[in-house]
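J.: Using the supplied hints, reconstruct the complex from the two chains, each of which is provided in its own coordinate frame.
The primary structure of each chain is shown beneath.
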Amino acid sequence: GEKVEQHESTLSVREGDSAVINCTYTDTASSYFPWYKQEAGKSLHFVIDIRSNVDRKQSQRLIVLLDKKAKRFSLHITATQPEDSAIYFCAASSNTGNYKYVFGAGTRLKVIA
Amino acid sequence: GGIITQTPKFLIGQEGQKLTLKCQQNFNHDTMYWYRQDSGKGLRLIYYSITENDLQKGDLSEGYDASREKKSSFSLTVTSAQKNEMAVFLCASSITGGNTEVFFGKGTRLTVV
Chain V
13 GEKVEQHEST
23 LSVREGDSAV
33 INCTYTDTAS
43 SYFPWYKQEA
53 GKSLHFVIDI
63 RSNVDRKQSQ
73 RLIVLLDKKA
83 KRFSLHITAT
93 QPEDSAIYFC
103 AASSNTGNYK
113 YVFGAGTRLK
123 VIA
Chain X
1443 GGIITQTPKF
1453 LIGQEGQKLT
1463 LKCQQNFNHD
1473 TMYWYRQDSG
1483 KGLRLIYYSI
1493 TENDLQKGDL
1503 SEGYDASREK
1513 KSSFSLTVTS
1523 AQKNEMAVFL
1533 CASSITGGNT
1543 EVFFGKGTRL
1553 TVV
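Top line first, the protein sequences correspond to chains V and X. Adding 12 to a residue's 1-based position in the first sequence gives its number in this note's numbering. Adding 1442 to a residue's 1-based position in the second sequence gives its number in this note's numbering.
In short, the hints are calculated from the structure, not lab data. Please note that the accuracy of each hint is not assured.
Claimed, not checked - Which chain V residues face chain X? A few, computed with CB under 10 angstroms, are given here:
#, residue
1, Pro46
2, Lys54
3, His88
By construction, the Cβ of each residue, glycine as well, lies at the ideal position given by its N, Cα and C atoms.
Okay, chain X solo, but in the shape it has when bound (with noise of 0.2 angstroms):
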């Protein structure tokens, strides 16, 4: 089996701030992707990744920006923090080419004061 690994587990930012959110993945999965989970919404896709190198938007990527920088990892930066934004950001990953189980990381919880 594999692993997702998201650090840092809690992010407590400044408004404005500029914060980078990492995760890796040992599954050797082609594709990868960056979930917001606020509570009442779902999960809303923010940015994913279907190679090295890709980048593809999600319908909450305004704000964020992302980067595929090996197969392994792939990174999630909130550009400008908003003041009193809380959520939990969910990195996932899953074989590229077929309607296939998506693996979950535990998740980094943000918190802006």
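Chain V extracted, bound-state conformation (with noise of 0.2 angstroms):
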């Protein structure tokens, strides 16, 4: 089955500077790759999402990008500020009808100010 896995388990950066977190997968059959915030002491909330249709997409501070070829996404926050501080999780999930959204370990970030 599907596998995702997130490489930074932990990531620390100044205020105002880009953070990235990267994931990769197995199943070449996956189409649909959100992410999710989780705030202390809070359950998780989605973010931004990518279909594999495009390969980059942006929401505000927010950029993910998609290479199919290398299996790999990555969620970008630009100009980061303290409240992005929290556990990040990416997931995928595929068009087999199966309904099952795989979810990396998790990054949590911080951010210094």
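T.: If you want it as structure tokens, here you go:
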């Protein structure tokens, strides 16, 4: 089955710098790649996603890149702010109808003021 | 907007005990999920259900049962709690039939003594 590996378990950046979190997946049938954020003491909420028909998507300070050949996708947070500090999870799912989202292990991002 | 309500918020059980976690959603979503979150391991899928009375096993279904009594509710049973087990169980839901945003509840934190 699908496996999603999230490469950075922790990441520290200075406020205003960019943060990059990288994920790889194994199933070539995967076609949908969402990212979720979990702030301290709270549950996960959706932040951005990308589908396999594009290789880049931007929403304000968040950019997601997808390299289907390398089976790799990444989340770029530009101009980081203290409120970006959280655990970020990448995920992958396919269109094969099994409705399963496979998550990475999470990256704890700390933005230092 | 909708909400996913998980009860109880905290659950303390004894070794060997059968424990039930409940989840209700008012999004009118067809698909519901149970994930287990362990520190450093991300989210692992236990069970999911694509419609009322449907049940599909995830990667971590051994030791658990689930029940989709009606469209809005999905319960999870730990069949025999393991000593020193500690994890957060997250209920989630999404629209069926496409790769779309998954909405999460706030979780039930289980401790087994």
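J.: The structure should be examined with respect to each hint, and the outcome stated for every one.
T.: Verification of the supplied hints:
no. : hint  : in the structure
1   : Pro46 : holds, 7 angstroms
2   : Lys54 : holds, 7 angstroms
3   : His88 : violated, 20 angstroms
Comparing the model with each numbered hint stated earlier shows that hint 3 is the single one that does not hold.
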